[in-house]
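Peer 1: Protein chains in written order, with our numbering: chain A, 1 to 115; chain B, 1 to 114.
Any given hint might turn out to be false.
Said to hold, decoys possible - Below 30 Å or equal to it, Euclidean Cα-Cα: the simulated DSS-like pairs (lysine-lysine) are:
1) B:Lys61 / B:Lys101
2) B:Lys101 / A:Lys57
3) A:Lys15 / B:Lys101
4) A:Lys57 / A:Lys11
5) A:Lys57 / B:Lys61
6) A:Lys17 / B:Lys101
7) B:Lys68 / B:Lys101
8) A:Lys11 / B:Lys68
9) B:Lys101 / B:Lys49
10) B:Lys49 / B:Lys61
11) A:Lys57 / A:Lys15
12) B:Lys68 / B:Lys49
13) A:Lys17 / A:Lys57
Claimed, not checked - Rough simulated footprint, nothing fancy, chain B against chain A, three-plus residues with beta-carbon under 8 Å:
14) 47-60
15) 102-115
Rather than coming from a laboratory, the hints here were simulated on the basis of the structure.
A quick note: this is a predicted structure, and the numbers were derived from the prediction, not measured.
Each residue gets a CB set at the ideal place from its N, CA and C atoms; glycine is no exception.
Listed below are the residues making up each chain.
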Amino acid sequence: GAGVSQSPSNKVTEKGKDVELRCDPISGHTALYWYRQSLGQGLEFLIYFQGNSAPDKSGLPSDRFSAERTGGSVSTLTIQRTQQEDSAVYLCASSLEAGGQETQYFGPGTRLLVL
Amino acid sequence: AQSVTQPDIHITVSEGASLELRCNYSYGATPYLFWYVQSPGQGLQLLLKYFSGDTLVQGIKGFEAEFKRSQSSFNLRKPSVHWSDAAEYFCAVGRDFGNEKLTFGTGTRLTIIP
């Protein structure tokens, strides 16, 4: 079946602009995660959603970052007033549910470059 | 807080040779441990995972890993590497009652030479 998809695959923006990154999880997966992969920083957890519960936003680096998940499926990660340090690959993952022994399946990522 | 250390940033191995990638974790309880592989331009793919039971875990593509509690390690091994194994490898640890908020190591880049 289809895996996790993300769009766009690449995004170039100017400093100060807002960007939206989209994630389509695997159908039927109730948990969705966002990670950021930066040079020298490795993979950092940003936020995760489980069903209709309030999301765990503990990894968001600043209030410029926000995410929503509509209808328990598609998620959008929004970065407002982008800064050059936001340049990274943003990875989305989904799993059947959060916790337990569920495997997280990752999408190909969106590569963001802030000029 | 949990943490993961991958001490080798870059490893070069000859095709057909054996491979061991190191991973050390810091976590107070029994960890959930994972190895993921990322090929250029690709997302992360799960190689194997350990939750409990047998400490030697078999994964896909001929990889295995051994959980050693006394050494806080979860090293990845393969007896004979193929050129297609060239990629970046990430070790990750999850919480004891869930695997949300995976904490990843910084990765080990594997280069295969003929």
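Peer 1: Against this structure, judge whether each hint is valid.
Peer 2: Here's how the hints hold up against the structure:
no.: 1; hint: B:Lys61 / B:Lys101; in the structure: holds, 26 Å
no.: 2; hint: B:Lys101 / A:Lys57; in the structure: holds, 10 Å
no.: 3; hint: A:Lys15 / B:Lys101; in the structure: holds, 29 Å
no.: 4; hint: A:Lys57 / A:Lys11; in the structure: holds, 23 Å
no.: 5; hint: A:Lys57 / B:Lys61; in the structure: violated, 35 Å
no.: 6; hint: A:Lys17 / B:Lys101; in the structure: holds, 28 Å
no.: 7; hint: B:Lys68 / B:Lys101; in the structure: holds, 22 Å
no.: 8; hint: A:Lys11 / B:Lys68; in the structure: violated, 42 Å
no.: 9; hint: B:Lys101 / B:Lys49; in the structure: holds, 15 Å
no.: 10; hint: B:Lys49 / B:Lys61; in the structure: holds, 14 Å
no.: 11; hint: A:Lys57 / A:Lys15; in the structure: holds, 24 Å
no.: 12; hint: B:Lys68 / B:Lys49; in the structure: holds, 14 Å
no.: 13; hint: A:Lys17 / A:Lys57; in the structure: holds, 22 Å
no.: 14; hint: 47-60; in the structure: holds (count 5)
no.: 15; hint: 102-115; in the structure: holds (count 8)
Checked against the numbered hints given earlier, this structure breaks hints 5, 8; the rest are met.
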